[in-house]
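In terms of this note's numbering, the sequence shown opens at residue 1 and continues consecutively.
I should point out that these hints are in silico values taken from the structure, not numbers from a laboratory.
Here a beta-carbon is modelled for each residue, glycine too, at the ideal position from N, C-alpha and C.
A couple of the hints might just be wrong.
[As the list claims (entries may be wrong)] Calculated pairs, DSS-like style, for lysine-lysine (alpha carbon to alpha carbon, straight line, at most 27 Å):
| id | residue 1 | residue 2 |
| --- | --- | --- |
| 1 | Lys338 | Lys119 |
| 2 | Lys338 | Lys96 |
| 3 | Lys243 | Lys338 |
| 4 | Lys119 | Lys323 |
[As the list claims (entries may be wrong)] Listed next, with one range per pair, are the computed distances between beta-carbon atoms:
| id | residue 1 | residue 2 | range |
| --- | --- | --- | --- |
| 5 | Gln327 | Asp271 | 44 to 52 Å |
| 6 | His68 | Thr371 | 25 to 33 Å |
| 7 | Asp294 | Ser259 | 28 to 36 Å |
| 8 | Leu154 | Gly248 | 54 to 62 Å |
| 9 | Thr108 | Thr76 | 51 to 59 Å |
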Amino acid sequence: MRTLRWDDGTTWDDPNARWGSPSYVLEPGDPGYQPPLPPPPPQPKQHHRIMSSNATPTNRIVLLALGHRINAGQITHGASVGLHHHPAATLTSRIKALEGDDAAAPGTPARSGSQLVFKTAQDSTGDAYAALNALSDGEVKTWLAGYRKVIQGLHGSSANTGWESAGFPAGSTAVPRSHAARDGLLNAASAYLSLHPSHEATLPQLSGPALAITSAQAMTLHTAMQGAFALIDTRQTAQSDAKAARDGDVEALFQEVSSTIAELDDLLPADDTRWELFGLNIPANPSPPEGVSDLTLAPAGSGRLLAQWSYAVRAEYYRLFLKRLGQDDEPVNIADPKDLEYTLKDLAPGTTVEISVVPMNAAGSGPASPTVTAIVPA
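Input sequences plus hints: build the corresponding full structure.
Right, here's the structure in full:
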């Protein structure tokens with residue numbers, strides 16, 4: 001314990017303070033000492049949001065669909081409601097940044113739009129990986145199998161220092177499974193055969209030309225593998241840059257849509273029917289959504305179907321219904337997604353199903369989509 005001083009900051013409600021003559025404060029280890037209470041957890045930062053009936057969607061496709069509706073309202077009714085800070089031209093430019101501008105020069109990113117530029121870059125990266133797989137699992141693997149046969153004839157079938165000197169990992173005589181390890185073995189094989197040219201061989205194949213197990217051929221394949229790796233790196237960098245650009249455009253659109261709704265919130269009473277001119281809900285008296293006009297089903301792997309549907313004006317979420325013919329008497333509500341697609345999983349292959357989507361908001365349901373029938377893929 002320590003003696004209390006009038007200026008040491010101790011408060012009257014301190015549970016360890018003992019007031020008297022003399023006054024003192026209990027310290028850790030003293031009988032009756034009460035440790036301080038832990039600080040309260042940090043409170044999450046509060047973000048201002050427009051009324052939930054007109055919350056700005058975070059899904060890119062839904063955000064674009066709403067952006068188009070608001071933009072149409074701006075063009076036709078913006079002046080009459082007094083929109084000043086967020087004119088139609090600004091939102092139009094945000095939409096075009098993502099979807100593309102027909103007035104931009106052909107072949108430019110602005111003409112394509114950042115979401116298509118990203119998708120193209122993503123596909124190009126996939127093509128680069130496919131090219132590496134084809135090279136490594138095809139010509140390279142075949143050549144390494146032939147090289148392995150030559151080394152086995154020289155050093156036997158068991159791993160030993162001879163195999164290691166030929167570039168194989170310690171304790172292994174197998175052709176590596178990873179692309180990088182195969183490339184490393186090609187480089188080592190080229191060096192080994194260069195030092196031992198008498199070990200080079202020509203192996204006949206069941207079809208096609210004979211296999212040249214030579215230092216030069218190993219280096220040719222190694223160079224090709226290096227090129228495939230470099231192409232992937234280049235494509236991945238381009239994809240990363242394209243994604244950053246697309247995500248930046250999505251954020252800019254989100255902010256503009258959100259700010260436009262906020263300005264409308266300042267201009268229109270909560271019960272004003274003109275909210276619907278902008279594709280938005282009347283906050284005080286929302287109307288049910290408009291209908292889902294289109295629904296498609298596509299195979300998404302064994303026991304899976306991908307459902308995609310069109311945007312329903314004023315919808316806050318969608319009810320997805322499934323009916324398995326011969327099993328269900330009525331359609332069953334299996335999910336309530338906010339996005340415009342949903343993958344149905346764990347379905348029995350070969351089952352015939354009927355799918356429909358109903359748009360929803362606080363006011364109730366809108367017209368359902370057409371019912372689509374599909375057979376679950378095996």
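To see whether the hints hold, each was checked on the structure:
A hinted pair counts as satisfied when its Cα atoms are at most 27 Å apart, and Lys338 with Lys119 qualifies at roughly 23 Å. Proposed proximity of Lys338 and Lys96 is supported: the alpha carbons are some 24 Å apart, at most 27 Å. Using a Cα cut-off of 27 Å, the hinted pair Lys243 and Lys338 holds, with the two alpha carbons roughly 23 Å apart. For the proposed pair Lys119 and Lys323, the alpha carbon gap of about 34 Å is over 27 Å, so the pair is violated.
Checking the proposed 44 to 52 Å range against Gln327 and Asp271 shows it holds: the Cβ atoms sit about 46 Å from each other. Separation of His68 from Thr371 is about 27 Å and conforms to the stated range, judged on CB atoms against 25 to 33 Å. Take Asp294 and Ser259: their Cβ atoms lie about 30 Å apart, and the range 28 to 36 Å holds. For the hinted restraint 54 to 62 Å between Leu154 and Gly248, the CB-CB distance of approximately 58 Å keeps it satisfied.
One distance hint, 51 to 59 Å for the beta-carbon pair Thr108 and Thr76, is violated here, with the actual separation near 30 Å.
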